[in-house]
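Chains A and B, in that order, give the protein sequences. Numbered continuously in this note's numbering, the first sequence closes out at residue 607. Numbered continuously in this note's numbering, the second sequence closes out at residue 1208.
Source of the hints: derived by calculation from the structure; they are not laboratory data. The reader is advised that the hints may include incorrect statements.
As the list claims (entries may be wrong) - No more than 35 Å apart at the CA atoms, straight line, and that leaves these computed lysine-lysine pairs for DSBU-like:
{"hint": "1", "chain 1": "B", "residue 1": "Lys985", "chain 2": "A", "residue 2": "Lys380"}
{"hint": "2", "chain 1": "A", "residue 1": "Lys380", "chain 2": "A", "residue 2": "Lys540"}
{"hint": "3", "chain 1": "A", "residue 1": "Lys605", "chain 2": "A", "residue 2": "Lys540"}
{"hint": "4", "chain 1": "A", "residue 1": "Lys503", "chain 2": "A", "residue 2": "Lys477"}
{"hint": "5", "chain 1": "A", "residue 1": "Lys523", "chain 2": "B", "residue 2": "Lys985"}
{"hint": "6", "chain 1": "A", "residue 1": "Lys476", "chain 2": "A", "residue 2": "Lys436"}
{"hint": "7", "chain 1": "A", "residue 1": "Lys496", "chain 2": "A", "residue 2": "Lys436"}
{"hint": "8", "chain 1": "A", "residue 1": "Lys490", "chain 2": "A", "residue 2": "Lys540"}
{"hint": "9", "chain 1": "A", "residue 1": "Lys436", "chain 2": "B", "residue 2": "Lys985"}
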Amino acid sequence: MGQPNPNAIISIRGATKHFGKVRALNDVDLDVHPGEVVVIIGPSGSGKSTLLRCINRLETIDRGEVWVDGLQVNDRKTNINLVREEVGMVFQQFNLFPNLTVLDNIMLAQRIVRNRKKSEAEEVAQELLIKVGIPEKGNTYPLKLSGGQQQRVAIARALAMNPKIMLFDEPTSALDPEMIKEVLDVMLDLAREGMTMVVVTHEMGFARAAAHRIIFMDQGYKITDTSPEDLFENPEHERLKLFLSKIL
Amino acid sequence: MAATAQAYDSGLSPRPLIDVRAFARRLVRRQSWLIAFIVLDIIIAIAILTDPILIDAWLFISPGISVSLSITLASFAISIFIGLIVALMRISKNPFIYNIATFYVEIFRGLPLLVIILIFNFVFVPALVDAIAGVDESTSQTGETIAARPPIYFLDDLLQRLVGIPEERIAETTIRSRDIDESWRIVLAFAVTYGAFMSEVFRAGIESIGRGQMEAARSLGMSYFQAMRYIILPQAVRNILPALGNNFILLLKDTSLASAVAVPEVSFLTRQFSSNRFRYPEGLLVLSFIYANLTILLAMLVNALEYRLQADRREN
C-alpha cells in the first residue's frame, strides 16, 4: 500500500471491499487531482459504483485508505460530515426529498449544515435553478417534474453546498432517452468550469467530450486508467475491447 | 360533457355555481354511511332531550367526557414520544440499545391492557412513590404525615408540586401514593402500553422510506438525526398517519378500561348510573352515543389532516 498523493484531492490506496463472498473492490488505487474529470466505466457488478461511494463513505472499505482533501475518510475517528460537506453527490434515482419543494430541497442543507441565512440560501438556490435551466420550478414539488428536471434539481442541490468535488453515480441511467442530454449539458458546463468530478456512467459521448481520464473496471479490479483518446482509438486490454464492442 | 358545456355557453341555461347533481351523486355514493349516521345521531339526540330518564343519564354521564378525552390526549402524547424514541432504538445497530427496546416492546405488547392498568395502579406507582419518598410513614397526633428526609427529595418535591400540594407544605410532607390520582396512574399505563404499539408503527414508517433518502441527506453533510428530523420522519409520519389515527381511536375506546380502577370517565359513570337506577338500556345508549360521536369526529379529523399533508402528491 503506497502513500496518499499530496497533490491529489482524492487519493485511494489499496481499497478492498467484500459483499459476503463477492469481492466488490480489489486493491484499487486512484488519484484525482483538483479540476480533473474522471469517468469510471465498466460492466454492471464491476465495482464502479462501490468505488464512488467509498469516496464519501456511503460504503466503508474493508482494507485500504481513502483520503479526500486531506481527511482520511476510512478512519472512523474522522467526522465524515466534514468530508461530505465538500463532496456533492448525484444519484441514479435522483433521491430528491419529495416532502419539500424544489427550493426547499436546495435550501435545507445550506440552512442546517452550512448555517446560511434564509435569504442567502434562497438566493443561491435561485441562481442554481437558473444555471440548470429551470428557474420557474422553485415552488413545485419534485414528483411533478420530469426525470430530467428532477436530476437537474439534484445537481443544483449538491452544488448549493459549494462542494470541491462532485460525484455522479450513473446520473442518466434512470432517464428517458430524450432527457439525457439536458442533464449531460449541465454536467458538461460544470466540467468546463473546472469542477473536480468523478462520474460513473455509460454515456461514452460524455466521457469523450469531458473526461480527462477514463477508468475501466471489471470484477472489482481497476483494469485501465487512460486518456479518452487512448481508450477509444487503441484499447489495449482484452476485456476492455470486449466491453467497448458491446456498448459502442 | 362537451355537449353540456356548449349548451351552457350558448346561454340556453345559466351555468350553476356548483354542479348540484354531480355533488349529490358523489355524496350518495361515498357518504351515505355518514348521512345514515347523522340521521340516527339526531334521532338519539332528540330522544335524550325529551326522555326524562335519558336526560338523567346524559347529565350523570356526560361530565366524564372531558375525563375520557384528557386521559386519551395525555396518554397519546406521551405514547407518541415513547414510540418515536423506541422506534429509533429498534433500528439502532447497537445491540444493547436494540435489545432493551425490543424487550420493552415485547413485554408490553404481550400483557393485556387491563392487567397493566391494575399493575400500575396497585403495584407500580405505590412502589415508585415509596422509592422516591421512603416507606417510613410516621403520623403525628393531628394525622399529619411527618417528613423524614425522602431518598430522592427533589423528585419528591417535584411530584408534590405536580399533584398540587400547597407550596408552603411541600418541605414538611412527603408524597404518598394516595396523593397521586388514579387518572395519572392509568395515563402512565396507557402511555407505556400504546408506546410499545406506536414504536412498531413508527418503525414501519421509517423503514417504508427508501434508503436513498437517508443517503441523499447524509451525502449533503447532514447528521443522522438531522436527516431523521427533516427528511425521514416527515415522510414516515405521513405514511403512518392512518395507523396513528387508528391507534388514537383504539386508545379512546380503551380508556373504558379505566373504569376498573374507578376513574370517573364515561364508562365508569355509566356503570354507576345504570346500577343505581337499574336502567341499563338508557345508560348504555347514552354511552354508545358518546363514544360513537367522539370516534367518528376523530376519524374525520385524521382524514382532514391526511389530506393536508398530501399537498405534494396532488395536482398543482
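These are the hints, each one checked on the structure:
| no. | hint | verdict |
| --- | --- | --- |
| 1 | Lys985(B) - Lys380(A) | holds, 22 Å |
| 2 | Lys380(A) - Lys540(A) | violated, 38 Å |
| 3 | Lys605(A) - Lys540(A) | holds, 22 Å |
| 4 | Lys503(A) - Lys477(A) | holds, 24 Å |
| 5 | Lys523(A) - Lys985(B) | holds, 32 Å |
| 6 | Lys476(A) - Lys436(A) | holds, 30 Å |
| 7 | Lys496(A) - Lys436(A) | violated, 41 Å |
| 8 | Lys490(A) - Lys540(A) | holds, 15 Å |
| 9 | Lys436(A) - Lys985(B) | holds, 18 Å |
Consistency with the previously given hints fails for numbers 2 and 7, ordered from lowest to highest.
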